[in-house]
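Dock chain B against the given chain A, drawing on the hints supplied.
If you read the protein sequences in the order shown, they are chains A and B. Numbering (the working numbering) for the first sequence: 69 to 490. Numbering (the working numbering) for the second sequence: -13 to 213.
Derived from the structure by calculation, the hints contain no laboratory data. In this text, all values refer to a predicted model and were calculated from it rather than measured experimentally. Treat the hints with care, as some may be off.
As the list claims (entries may be wrong) - Calculated lysine to aspartate or glutamate pairs in the EDC-like style (CA-CA distance at most 16 Å, straight line):
no. : chain 1 : residue 1 : chain 2 : residue 2
1   : B       : K175      : A       : E264
2   : B       : K161      : B       : E189
3   : B       : K176      : A       : D259
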Amino acid sequence: MCTVLIHSLVRNREIRLLSVSIVTITVFFAFIVSIYTSSVIRGVHSEWEARNVAILGVVFEQHPELEETLMPLYTKNISVEEMQDGRESVKKYGLTDPISHINKPFLEEAMLKINIGLAILICFFLTIILSVSIGIFHRVYSQIRALSYKVEKIMRGDYNISNMIKEEEGDFPLLHFQFHQMSQRLKNTIDLLGQEKILLKNLIQDISHQLKTPLSSSMMFHDLIINELSSLEETDFLIKSRTQLERIHWLIQELLKFSKLESGLVQLEKRVLNINRTILEVISSLDYKIQAKGMKIHYESRAEEVWINHDERWLGEAIKNIVNNAIDYSPSHSDIYINLVCTSYYLSISIKDQGMGITKEELPNIFDRFYQARNNKARGDGTGIGLSLSKLIVSMHGGRMEVESVGLNKGSTFTITLFHDR
Amino acid sequence: MEILRTVNLTKTYGKGITEVEALKETNISIQKGMFVAIVGASGSGKSTLLHLLGGLENPSSGEVIIEGQSLSQLSEHHLSIYRRRKFGFIFQQFNLIPVLTAEENIVLPILLDNKVVDKEYINELIQFLGLSDRRHHLPNALSGGQQQRVAIARALANKPSIIFADEPTGNLDSKVSLEVLDLLRQSIKKFNQTLIMITHDVEVSKFADRIITIQDGLALQVGEVQQ
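Bound conformation, chain A alone (with noise of 0.2 Å):
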């Protein structure tokens, strides 16, 4: 725990920096105290000499018989017993305690020397310190200061701060990295929004104006009604109407089934189901549509019983509104081929038909709710809302959408691809 602490911290610069100079500092003081002290001591150890030769040569001259005694003594190291017997006999000169006793000037003045140096030194060892910690606080607050320039920017909606910062270890340049991070985050986010706010605004202008359509011609069917036609007209004027007036409703069915399906209101039934029946049961449903274009479905599947984990009315909705779509653009009397190929990871259905296909340019939108609403040029009474809604049931499946167009009146095909459970 106190090393993975430790180890976090050293990462920082700062606190590398902070006790590289601490210990520098320290040795350097303890060196230039050493050789201070040594050099005082060094002059008190002369001084102190000079005195005892001085003794000796006192004693010499008067007493030269006992040159041959003392001269070792001064010489060799001074045994325990030689020192207490010294003591003893000094005694009666009232010399108890050796070093307090002595109130030599020269003393004195070394402690003094000693005193004043080390003040002096301290002095200078603490300022040494405290301009170093100065210097590396600066370091760490020009950081903070550099964090709320960038915030202060981010408050006024100007998101392109630059990590000038260098990669390092070290708490503060991730502090600025993951700050950069968020401000690149936010900045998507409120991209996306307003994205988001551009497609709503879209979607309310394609759906006033799908509504716009039916309602303005059932309206002037009405007027034309309210100005007294024979019987026979008018009927004929409501069944207009009334086409119109299914068409809003039809319109507004979809829309409840997209929002449904897309907030989650609504969810998949999936049960483990014969598709081939899902698709012959979509194929029976159109049956009337097609004879009345004179059409031919041709549906081929590789085995009698494909099980799949679906929602068999939902996905044959999807289906349906495909099939539906290749019907609507198609001419009369062409062929459209339903084809399941069954592998053990994915099936893959497919509807091709013969009709007047997709641009290039069409291809990546066709998808998009209300597409070809919005760039409809005489195509039928298409919404577009239809393909989107199948591609939205598709990928709740888990499964994926694609459509393949060789160009204009050659025919397209759209291929819905389903994967098996794990």
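Chain B alone, transformed into the frame defined by chain A:
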């Protein structure tokens, strides 16, 4: 907004007779938030390009500029920190640490940076990649696909700005690889990341916003892709 740019980028291996020009002068620009697929035959220089872009190798000449910062101007020390914070790497070899559990492997890049682990996000990642019941297993107790998913989670754990992937789904079956791609796509959308991926799989490259084709060390199709 441009996030990555190369200026006359080249890479040559060997000298004299054995000299191989792995990458010829390449000038590409990649926009932020894009999914870029790099495709090409084996030995065409795809991995070399990816390694150069990700600062894993030094170019013979030219520069890689990421958000205005030239990678060659960074010292090896600064570059390694830069990579750790900004990039996520997914390789075909999983490069998992054998003595750490799946979860420990995933949070390793976060711990290397002394950051606090976003537990919620890590749990979400683990769950999405289907590793919930494997999180305390050692790599050798995991299947190849599971190991690759751990490697992917590890690359995403730090929420990097750019994800470099070298055939990340090469060892996964088609359903799982599409799911993994979906996760990567969701991740780049959510965190405004950029994904640069080498792939052989045509299905995978269909997901990309842009395809860069490499042939004999030459980046060919550099334009935007229509679906």
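Checked hints:
For the suggested pair B/K175 and A/E264, the alpha carbons sit about 14 Å apart, so the restraint of at most 16 Å is met. Between B/K161 and B/E189 the alpha-carbon distance is near 11 Å, which keeps this suggested pair within the 16 Å criterion. A threshold of 16 Å between alpha carbons decides the hint, and for B/K176 with A/D259 the separation of about 12 Å falls inside it, so the pair holds.
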